[in-house]
Amino acid sequence: MLAIPPLLTVGLWRHSGRALRAYMLTSLVLLLAMVPVMSRMIDVGQDEFRGLAQRIFTLTIFVPIEIACGVLASRLKALHR
Numbered sequence: 045m046l047a048i049p050p051l052l053t054v055g056l057w058r059h060s061g062r063a064l065r066a067y068m069l070t071s072l073v074l075l076l077a078m079v080p081v082m083s084r085m086i087d088v089g090q091d092e093f094r095g096l097a098q099r100i101f102t103l104t105i106f107v108p109i110e111i112a113c114g115v116l117a118s119r120l121k122a123l124h125r
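Convert by adding 44 to the 1-based position in the sequence shown; the result is the number in our numbering.
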């Protein structure tokens, strides 16, 4: 699950615009920041913010996948025209 966003970033890097590259890099940085928080290597008071940390982690995983799938789907549609 953690490998999908970096793999999509590598796969889309050459044929993407500046905005998509910036978004994917930003999401990777946020993902790297969230891994120690979610694995409890860094204590940020997760007892109080456990649900919030889970939601942020989910956003860093699933939203980049959805955006990459949308970009790939639009490219496939363009190829079939």
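Honestly, I wouldn't trust all of these hints.
[Unchecked claim] Label pairs and their calculated CB-CB ranges:
1. Thr102 - Arg65: 32 to 42 Å
2. Ile109 - Gly61: 15 to 25 Å
3. Leu116 - Ala66: 10 to 20 Å
4. Trp57 - Glu110: 10 to 20 Å
5. Ile109 - Met85: 20 to 30 Å
Hints in this document: simulated from the structure, not taken from any laboratory. Cβ atoms here follow ideal geometry from the backbone N, Cα and C, with glycine treated the same way.
Quick rundown of the hints versus the structure:
1. Thr102 - Arg65: 32 to 42 Å: For Arg65 against Thr102, whose Cβ atoms are near 23 Å apart, the range 32 to 42 Å is violated.
2. Ile109 - Gly61: 15 to 25 Å: About 18 Å separates the Cβ atoms of Ile109 and Gly61, which means 15 to 25 Å holds.
3. Leu116 - Ala66: 10 to 20 Å: holds, 18 Å
4. Trp57 - Glu110: 10 to 20 Å: holds, 18 Å
5. Ile109 - Met85: 20 to 30 Å: holds, 24 Å
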